[in-house]
Structure formats: structure tokens, C-alpha cells
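Asks: Working from the sequences, and respecting the hints, build out all of it.
The opening residue of the sequence shown carries number 19 in our numbering; numbering runs sequentially from there.
In short, the hints are calculated from the structure, not lab data.
All C-beta atoms in this analysis are idealised placements derived from N, C-alpha and C, irrespective of residue type, glycine included.
Please note that the accuracy of each hint is not assured.
Here are the in silico distance ranges between beta carbons for each label pair [to be verified]:
hint	residue 1	residue 2	range
1	E97	R65	12 to 22 Å
2	A54	T91	32 to 42 Å
3	T88	A67	10 to 20 Å
With a Cα cut of at most 20 Å, we get these calculated DMTMM-like pairs of lysine to aspartate or glutamate [stated by the list, open to error]:
hint	residue 1	residue 2
4	K41	D101
5	K41	E70
6	K25	E70
7	K25	D64
8	K41	D64
9	K25	E58
10	K25	D75
11	K25	E85
12	K41	E58
13	K25	E106
14	K41	D75
15	K41	E106
16	K41	D31
17	K25	D98
18	K41	D23
19	K25	E97
20	K25	E61
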Amino acid sequence: MHIVDVKFAAMTDCPETGRRTAKVMLLTNEGGLSLAASTEQAENSDRHAIIEGLMQDAMRQIRAFPEVRTGQTTVTVAEDALDRAAQEG
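Replies: See the structure below:
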């Protein structure tokens with residue numbers, strides 16, 4: 019699975035936990051995938067740092083997929099996908 023583009027929607031802060039949550043939409047050559055992700059955020063986190071944290075949570079979830087966990091499918095991300103997502107906000 020090669021992720022060619024990443025979009026983030028419905029980004030919100032949780033005042034009780036201090037976490038940032040979002041819907042992460044991953045576009046692949048075969049279609050797409052949507053996941054709910056969250057990340058810790060520092061007091062003055064910039065958008066790029068938040069996006070990296072959300073993407074790490076999304077990848078953690080993907081690594082738990084049986085086809086990825088067993089090595090049947092490998093996951094790669096286009097080099098500029100996160101940079102493009104950070105610039106869109």
C-alpha cells in the first residue's frame with residue numbers, strides 16, 4: 019500500500035485530555051482509507067508537529083492490520099505527503 023496523499027479533517031482539541039483528534043484520510047493508488055487519530059500536543063505545537071503526531075497514530079493503527087502485521091502488505095508514504103498536508107491548513 020503506497021499512500022500518495024494525506025488529508026486531515028475535523029481537527030479538535032480535547033480540553034480534558036489535552037489531546038488533538040482528527041479524521042485522517044489516506045489516499046492510495048488503490049483507493050482510500052479513513053481513520054480516527056489522536057496525538058499529544060505541546061503548548062505551542064505548530065501544525066506540522068501536530069500532523070506528524072496524528073500520522074504516527076494512524077500508522078500505528080495500520081501496522082495492526084492483519085495483512086500488514088503478517089508482512090503480506092507493506093506500507094509506504096509519499097515523501098511530500100505530510101508537507102503538503104501541513105501547508106493546506
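Asks: All the hints need checking, so say for each whether the structure fits it.
Replies: Here's how the hints hold up against the structure:
1. Our hint of 12 to 22 Å for E97 and R65 holds, since their Cβ atoms are close to 18 Å apart.
2. A hinted range of 32 to 42 Å is violated for the C-beta pair A54 and T91, which are about 21 Å apart.
3. A hinted range of 10 to 20 Å for the beta carbons of T88 and A67 is inconsistent with their spacing of about 32 Å.
4. A distance of roughly 17 Å separates the Cα atoms of K41 and D101; the hinted pair therefore holds under the 20 Å criterion.
5. The hinted pair formed by K41 and E70 meets the criterion: a straight-line CA distance of about 14 Å does not exceed 20 Å.
6. Under the criterion of a C-alpha separation no larger than 20 Å, the hint pairing K25 with E70 is consistent with the structure, at around 12 Å.
7. For the hint pairing K25 with D64, the CA-to-CA distance comes to about 17 Å; that is within 20 Å, so the pair holds.
8. Restraint check for K41 and D64: satisfied, since their Cα atoms lie roughly 18 Å apart, inside the 20 Å limit.
9. For a cut-off of 20 Å, the pair hint linking K25 to E58 stands: about 19 Å separates their Cα positions.
10. Between K25 and D75, the direct Cα distance comes to roughly 14 Å. Compliance with the 20 Å bound is thereby established for this hinted pair.
11. The hinted pair formed by K25 and E85 fails the criterion: a straight-line CA distance of about 23 Å is larger than 20 Å.
12. Of the pairs offered as hints, the one joining K41 and E58 holds, with about 15 Å between alpha carbons and a cut-off of 20 Å not exceeded.
13. Distance check on the hinted pair: K25 and E106 sit about 9 Å apart at the alpha-carbon level, within 20 Å; holds.
14. At most 20 Å may separate the alpha-carbon atoms for a hinted pair to count; K41 and D75 meet this at roughly 11 Å.
15. For the proposed pair K41 and E106, the alpha carbon gap of about 15 Å is at most 20 Å, so the pair holds.
16. Between the alpha carbons of K41 and D31 the distance comes to roughly 13 Å, so the proposed pair stays at or under 20 Å and holds.
17. With a C-alpha separation of about 12 Å, the suggested pair K25 and D98 falls inside the 20 Å cut-off, and the hint holds.
18. Between K41 and D23 the alpha-carbon distance is near 14 Å, which keeps this suggested pair within the 20 Å criterion.
19. Annotation: proposed proximity of K25 to E97 holds, straight-line Cα distance about 15 Å (limit 20 Å).
20. Of the pairs offered as hints, the one joining K25 and E61 is violated, with about 23 Å between alpha carbons and a cut-off of 20 Å exceeded.
Of the numbered hints stated above, those contradicted by the structure are hints 2, 3, 11 and 20, listed in ascending order.
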